[in-house]
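Chemist: Using the sequences plus the hints, can you model the full thing?
These are the residues of each chain, in order.
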Amino acid sequence: DAKTTQPTSMDCAEGRAANLPCNHSTISGNEYVYWYRQIHSQGPQYIIHGLKNNETNEMASLIITEDRKSSTLILPHATLRDTAVYYCIVRVPLIYNQGGKLIFGQGTELSVKP
Amino acid sequence: KAGVTQTPRYLIKTRGQQVTLSCSPISGHRSVSWYQQTPGQGLQFLFEYFSETQRNKGNFPGRFSGRQFSNSRSEMNVSTLELGDSALYLCASSPQPGGQDTQYFGPGTRLTVL
Chain A
1 DAKTTQPTSM DCAEGRAANL PCNHSTISGN EYVYWYRQIH SQGPQYIIHG LKNNETNEMA
61 SLIITEDRKS STLILPHATL RDTAVYYCIV RVPLIYNQGG KLIFGQGTEL SVKP
Chain B
1001 KAGVTQTPRY LIKTRGQQVT LSCSPISGHR SVSWYQQTPG QGLQFLFEYF SETQRNKGNF
1061 PGRFSGRQFS NSRSEMNVST LELGDSALYL CASSPQPGGQ DTQYFGPGTR LTVL
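Just so you know, the protein sequences line up as chains A and B, in that order.
So the first sequence is numbered by this note's numbering: it starts at 1 and just counts up by one.
So the second sequence is numbered by this note's numbering: it starts at 1001 and just counts up by one.
One should not assume that every hint holds.
To be verified - Examples of chain A residues lying across from chain B (beta carbon under 10 Å, computed):
no., residue
1, Cys12
2, Ala13
3, Gly15
4, Tyr34
5, Gln38
6, Gln42
7, Gly43
8, Gln45
9, Tyr46
10, His49
11, Lys101
12, Leu102
13, Phe104
14, Gly105
15, Gln106
16, Gly107
No lab work stands behind these hints: they were computed from the structure.
Only a predicted model underlies this, so the values are computations on that prediction, with no experimental measurement involved.
Think of the CB as a built atom: it goes at the ideal place given N, C-alpha and C, for glycine as much as any other residue.
Modeler: Shown next as structure tokens:
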């Protein structure tokens, strides 16, 4: 089962920051948080990942709380093309028997509106 | 670099038939994972191959099988197709298996079973 909880849907105005929350209260110390998004029936697109420090790349920023029980994905200036389902995933480390695979939850459907 | 490619993109089969789907990973990537996406169950992990060996397997019946070739290309096979096998089948590649190597997805193969 997925180890994350996300809101089912969110709206965001075009040009504004989109802040997508994710709860992962049972995360272990060596488990990474990954974010992907999927635009209607395309393959999921990797966005960003992190362990304990905040991360930023050209697409987004990832803020992980100090206790690592939750995180927020930030799209700084949302555009209509950011409308997609966003998945927050806690990835089991390779050292465990089923490690490495991605376990997807239901994700958050983000709608960016003009 | 070219991304993950999957062939064919669309496929229509009838119940009882079998099907083979193909995935070519990103150049230099040696790990290939397969996922099934349906409206009811979402994205579910099927199996992962690394160095021509199945390293990880999800909770799917034995009708679902796969293999990997020496050039890291992978195929998955579904025998005795059922209506419920209609889904988007996604392939993802990464340099190595494991929690720190990002998986990059292909566009998927849309299988329809009639």
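Chemist: All the hints need checking, so say for each whether the structure fits it.
Modeler: Each hint, compared with the structure:
1. Cys12: violated, 23 Å
2. Ala13: violated, 28 Å
3. Gly15: For Gly15(A), the interface hint is violated, since the closest Cβ of chain B sits about 28 Å away, which is over 10 Å.
4. Tyr34: holds, 8 Å
5. Gln38: Constraint on Gln38(A) satisfied, holds at 8 Å.
6. Gln42: holds, 6 Å
7. Gly43: holds, 4 Å
8. Gln45: Given a least distance of 7 Å, the restraint on Gln45(A) holds.
9. Tyr46: Holds - the Cβ of Tyr46(A) comes within 10 Å of chain B, reaching about 5 Å at its closest.
10. His49: holds, 7 Å
11. Lys101: holds, 5 Å
12. Leu102: This interface hint holds because 6 Å falls under the 10 Å limit.
13. Phe104: For Phe104(A), the interface hint holds, since the closest Cβ of chain B sits about 4 Å away, which is under 10 Å.
14. Gly105: Nearest chain B Cβ about 7 Å off; hint holds.
15. Gln106: With Cβ-Cβ at 6 Å, under 10 Å, it holds.
16. Gly107: Given a least distance of 8 Å, the restraint on Gly107(A) holds.
Hint compliance for this structure: hints 1, 2, 3 are not met, and every other hint is.
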